[in-house]
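Those protein sequences? They're chains A and B, same order as listed. FYI, the numbering for the first sequence is 2 to 282, going by our numbering. FYI, the numbering for the second sequence is 114 to 345, going by our numbering.
No lab work stands behind these hints: they were computed from the structure. Virtual Cβ for every residue (Gly too), placed ideally from N, Cα, C. Watch out, some of these pointers could steer you wrong.
Below, a sample of chain B positions facing chain A; criterion: calculated Cβ distance under 7 Å [to be verified]:
1) Arg117
2) Ala121
3) Lys125
4) Lys132
5) Asn133
6) Lys134
7) Ile138
8) Met199
9) Asn201
10) Val202
11) Ser204
Okay, derived cross-link-like pairs now, DSS-like style, lysine-lysine, Cα gap no bigger than 27 Å in a straight line [unchecked claim]:
12) A:Lys78 to A:Lys48
13) A:Lys48 to B:Lys134
14) B:Lys297 to A:Lys109
Chain residues, written in single-letter form:
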Amino acid sequence: MYSLDIQNVSHAFDDNQVLKNIELKIHQGEIFGLLGPTGAGKTTLLKILTGQLRQQNGSAYVFDKDTKSLDLEDYEKFGMVLENVGIYERLSCYDNLLLFTKIYGIDKKNVDYVLKRVGLLEAKKTIGMNLSKGMRQRLALARAIIHHPKILFLDEPTSGLDPATVQEIHKLLCDLKDEGITIFMTTHNMVEATKLCHHVGLLHLGEIVEYGEPKEVCQRYDHQKNIHIQLNDMTNVTLSNSAESADTISEYIRSGKLQAIHSSEPTLETVFIELTGRRFE
Amino acid sequence: MQLRKVKAIFWKQLKDTFKNKAILIQFVMFPVLAVIMESTTNIEGLQDNYFVMLFATMYIGMAPLTGMATVIAEEKEKHTLRMLIMSNVRSYEYLIGVGTYVVLACLVGSTVMGITAGYMGGKLVLFTGIMMIGVLLSTLLGAVIGVWSKNQMVATSIVVPVMICFSFLPMIAMFNEAIEKVSKFTYSQQVNYLLHNISDMSLTSENVLVIISNFIIITILFVYAYRRSRFA
């Protein structure tokens with residue numbers, strides 16, 4: 002059974018075709034990254050999957066339920082961190098989450114537990130308007146997981162955050178994945194996608210132009226297959242990744258000249274540039 | 114309907130309002146003014162409880178209307194309403210939660226005004242009961258504006274003229290018969306008549322007819338606004 006099954010989904014806003022025949026299948030417990038620059042259609046697809054928008058063509062299913070006919074009860078299986086995090090500015094972190102324990106009818110002990118998980122336990126009494134962007138994002142994540150959802154929808158979860166906070170959020174997402182939660186995230190951060198995602202889909206002008214495991218996608222576009230060698234005298238040498246280079250590399254090692262060896266596999270970003278001719282913004 | 118969710122929304126609103134001075138002042142201002150004016154002013158020939166009656170009508174036309182509209186519009190603007198709806202809170206559970214809070218806050222204010230007027234026991238119950246008719250209609254009208262508006266700025270631009278219409282017209286009508294001919298078609302004017310005739314406990318067919326027709330019109334407006342915006 003797939004957590005998400007997207008079949009031939011298309012959508013347009015007036016004359017602007019935002020999504021074209023999107024086909025994706027996402028398994029239970031995997032992290033899927035939808036990658037694309039601003040305006041590629043990522044948020045539109047996220048809105049379709051969460052039932053906020055009805056696609057014009059095709060079908061999308063979340064746990065075998067058509068997203069066009071989602072009941073409010075279905076939302077209890079979802080955790081969401083949307084572009085606008087939507088937290089109560091005048092309520093404390095604790096009260097923001099306590100509200101949702103009351104709504105879901107779950108034990109209020111969960112509040113401290115999730116605050117600890119997202120690293121906000123010490124700021125539990127801080128009110129929403131006094132939180133930094135990273136703290137707001139973490140609070141939104143805490144709210145999204147407080148009821149133990151089966152699937153998490155994250156829209157640019159680490160956009161604009163400092164590296165330390167990004168690291169913490171990545172660790173949390175990996176832990177959640179280990180607990181069996183499916184994570185569907187949109188991002189334009191290629192490093193993040195490579196590090197976290199089991200599968201990625203590259204979205205360009207509303208079309209999935211590439212799909213697969215991040216490494217597999219990169220290898221598919223590894224045309225040059227070169228090895229870069231850095232010597233002790235800081236000289237850079239590029240060799241082809243073939244049997245003929247073995248003797249040269251051995252010689253560098255024997256003579257103690259070798260500083261470092263790097264492979265030259267393309268990154269997701271270079272793949273995207275090759276496919277679309279444009280950079281991520 | 115799940116009472117748990119209504120209670121959660123009510124609790125949230127209670128917590129939030131104590132830190133939201135703009136809303137809090139709406140609920141407190143007129144009862145406090147009534148207490149101050151009644152206890153400090155002594156003008157010969159002025160009818161009994163003049164200031165209570167004056168501020169009571171203004172309270173009905175302002176506090177619940179502004180409170181309800183502003184709360185809903187702010188939740189839409191800050192995207193918290195969307196998060197509630199996506200947490201399986203039904204729109205009517207939300208509206209009942211916030212509405213109950215607004216009505217109860219106004220009930221406290223109305224009781225203070227009733228006590229200020231010297232009413233006790235049955236008279237006090239009657240006074241607050243009449244006030245609650247107006248408060249309920251204003252709360253519903255505030256919900257119409259809140260549901261219709263995309264953000265607080267839009268809500269405020271609609272609330273101000275509507276508020277002037279329902280709170281100031283009855284006041285001006287006390288001095289101007291021409292305006293009274295128009296204002297008598299508003300529920301707030303009819304509530305004002307009922308409050309003035311509280312000693313006689315008289316209820317005319319005009320009172321009932323105008324209040325019921327106002328209620329029907331506001332309900333139709335609410336259904337239209339809700340279907341149009343869908344809490345979006």
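Hint-by-hint comparison with the structure:
no.	hint	in the structure
1	Arg117	6 Å, holds
2	Ala121	4 Å, holds
3	Lys125	5 Å, holds
4	Lys132	4 Å, holds
5	Asn133	6 Å, holds
6	Lys134	10 Å, violated
7	Ile138	15 Å, violated
8	Met199	5 Å, holds
9	Asn201	4 Å, holds
10	Val202	6 Å, holds
11	Ser204	10 Å, violated
12	A:Lys78 to A:Lys48	16 Å, holds
13	A:Lys48 to B:Lys134	35 Å, violated
14	B:Lys297 to A:Lys109	51 Å, violated
Comparing the model with each earlier hint shows violations of hints 6, 7, 11, 13 and 14; every other hint is respected.
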